[in-house]
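Q: Line order of the protein sequences matches chains R and Z. Per our numbering, residue 1 is the first one in the first sequence, and the count goes up by one each step. Per our numbering, residue 405 is the first one in the second sequence, and the count goes up by one each step.
The set of hints was computed from the structure by calculation and includes no laboratory data. Computed from a predicted structure; not experimentally measured. Just to be clear, a hint being listed does not mean it is correct.
[Stated by the list, open to error] Label pairs and their computed distance ranges (CB to CB):
| no. | chain 1 | residue 1 | chain 2 | residue 2 | range |
| --- | --- | --- | --- | --- | --- |
| 1 | Z | Ala687 | R | Thr50 | 35 to 43 angstroms |
| 2 | R | Arg150 | Z | Ser694 | 36 to 44 angstroms |
| 3 | Z | Glu708 | R | Ala105 | 23 to 31 angstroms |
| 4 | Z | Glu708 | R | Arg261 | 44 to 52 angstroms |
| 5 | R | Arg141 | Z | Pro430 | 55 to 63 angstroms |
| 6 | Z | Val741 | R | Asp23 | 39 to 47 angstroms |
| 7 | Z | Ser694 | R | Gln234 | 34 to 42 angstroms |
Glycine residues also receive a C-beta, built at the ideal position from the N, C-alpha and C atoms.
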Amino acid sequence: MAETQPTGDTVEQEAIDQEQVVDPWSVSGGADGRIDYNKLLEQFGCSKLTEDLVERVERLTGRPAHPFLKRGIFFAHRDLHEILDCYEKGIPFYLYTGRGPSSEALHLGHLVPFMFTKYLQDAFNVPLVIQLTDDEKSLWRGLDIDEARRLSRENAKDIIACGFDASKTFIFSDFEFVGGAFYRNIIRIQRCVTMNQVRGIFGFTQEDNIGKIAFPAVQAAPSFPDCFPHMFGQRKDVRCLIPCAIDQDPYFRMTRDVAPRIGHQKPALIESKFFPALQGESGKMSASDTNSAIFVNDTPSQIKDKINKYAFSGGGATVEEHRARGANLAVDVPWKYLNFFIEDDAKLATIGEEYGSGRMLTGEIKKELITVLTDLVSRHQRARAQVTEDVVDAFMAVRPMPCI
Amino acid sequence: MALTKDDIIAKLKDAGISFDIYEHPPVMTVEAQVNALPGNPNTVLKNLFLKDKKHRCYIVTALASTKIDIQVLSARLGVGKSGTRMAPEELVTSVLQVPLGSVTPLAVANPEAANVVLLLDAKILDHEYVSADGGVVYVHPLVNTTSLALTPGALAAAIRALGREPVFVDLEADPKIDQDNPPDLKSLADVTQPPPMALPVAVGAPAPAPAPAAAAPAPSPSPVPKAAQAAPAKEAKKAKAGKGTDPRVTAKAAVTTASLAAVRPRVDELLRAACSALLGGAALEEATSSGRVDAYAMARLRAEMEMQLTSLKNAAYAAGYVAGKGEVVAHAERRYV
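Given only the sequences and the hints, what does the whole structure look like? Please build it.
A: Have a look at this one:
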């Protein structure tokens, strides 16, 4: 297989010794720029999401598993089998996910956990809470507080456009909602975690502001149902399942450690790999680099342009080489993107064969991807256009939601 | 939240009900209560808390001397003579929100007891048993360390002040029940629903999972509407998680609020109708399998429909939310009075 140098990247000898770093604020790959997910699993101590678990999900929900599950994009978990046991026995659970509203520019990578969460909500018919950590962004990025609150609402529109069920979904901004039962749980959690522990988990130092040091409890708290009395009353027996990217694992390791000490159930997790940047799998996409990602506001011609010009190709350097050796699917970004967004398993498999063998050219696979992404993004834009301020208000209202 | 003794006393005072208050050590039986009160009156009321086989709950308040045959009462309520029993103790605290030994007709003041039927002994109004000349009866104000003495008229007024129309019943009657003589108290039972906390643990319902360091989970204060319960119960049944019949899901409850708001089944319906109309009667599955419609185009159409219906649903939900808010604000402002 052709081993092309990543465009614009230089792999230096020193980098071979480079360790991969994954934490909630930065992700970087190892020597070859790639993330070793198996190593990450081991390092973090979560479990691999095996095929039989996927089959079990299909059986219990009575519908095909989401492509993200079938194709190992959501690849790791903690206690997922317990959640499935609960579901079978009729013990209720809810979903919890979130977003740090740092900018208005969401890209496809941001949508992935929400698309998956929507599938989980529909398949299991469960309530969902979505936390917008505007406080976090103000603490870390020094974002103006009112701007952070505004961004929460703007991001909420994109989230709502993913198709969540208004009657079972509560979206909240930390700045608006923290208080009452939620705050009481934050304090219970904070009491159980020392400065040493957060330093160990998150790498805080003496120079970090006290808001940062205390913040992990704010992201941990929504794992506990009694934070949401309008949804669950004072119940503590409702389990929580958290779909998130694997870099959020540290927050929830801490949460799971604290849970039994404060009389709560441990939240379960279902974790995804990172969505590759257009330039290749060397880390997370960046909202500030417009050519690193497909953004939800992109026009069809922008999408076409970005895929054609910037999507890293694993194809041969020349047509002849490509026909002879085939494409390196392991590094090809259009192939990886299709793995995310093509629903038809058979079609994906065919493309894999044709492109991998060299019969299909880079231009053709890119064309395939452009069609899929254009449809997806355009539908999202139209859905978002229909999310009015009233709709946002309704999703964010602390209203009685008898959901279980 | 449950009312306290002071809350209920204040409520009654505000409503202009007159009564005397007697404090005493806790009393768990009528006998103990009689002995604890000055003059050892025989007009202390006894209270039974009953639950029928349909999980409906009843407070039966009677003179201590009135003989109550639960089987006869049960038949009169329309659930057959073995259809009613003393409610399990935990329901006293979870449904009536009073401690054990404190069952009282005044417990209907608690919102959690909204579905509990209150049956009062007609003999309370009978002057042979309670003197017309200032004769009083005794009830607990939600705790068994106090008794309130009220005239029967005041008791009836108190019940009204708590939002209920008092129903007095001849508890010793044993009417014949047959084809021509339906159970006489059935209408009282049928207007009510089981209080949520009285329902058995069933499909879709909470099962208290013991956490190692935790106390028992607190009961949910808000009654869950039937509709919202029906949908999860049905989904879980599909997943073969049946734990016996769920009393909340009746065979007739096919259409519920939750089922009407489900997008996927509507998308299926629409696609079927579209295929039929546009492809000359073709079935949905045939359209792609026969190659008449490209599979990707069909998938895109489906996704489009889901998106549009979900947007419509959210817009409708938001409009309902605005209307609901408006109703509350208008009520507070007395705008439409």
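Q: Evaluate the given range 23 to 31 angstroms for the C-beta pair formed by Z/Glu708 and R/Ala105.
A: The hinted range 23 to 31 angstroms holds for Z/Glu708 and R/Ala105, with Cβ atoms some 25 angstroms apart.
Q: Within 36 to 44 angstroms: is that where the Cβ-Cβ distance between R/Arg150 and Z/Ser694 falls?
A: violated (51 angstroms)
Q: Hint says 55 to 63 angstroms; check whether the CB-CB distance for R/Arg141 and Z/Pro430 agrees.
A: Cβ of R/Arg141 to Cβ of Z/Pro430: about 60 angstroms, so the range 55 to 63 angstroms holds.
Q: When you take the CB atoms of Z/Val741 and R/Asp23, is the distance between them in 39 to 47 angstroms?
A: violated (60 angstroms)
Q: 44 to 52 angstroms was suggested as the range; check whether the CB atoms of Z/Glu708 and R/Arg261 agree with it.
A: holds (49 angstroms)
Q: Between Z/Ala687 and R/Thr50, does the C-beta distance stay in 35 to 43 angstroms?
A: Given about 37 angstroms between the Cβ atoms, the range holds.
Q: If you check the beta carbons of Z/Ser694 and R/Gln234, does the distance land in 34 to 42 angstroms?
A: violated (56 angstroms)
Going down the numbered hints, you'll see the structure goes against 2, 6 and 7, while the others check out.
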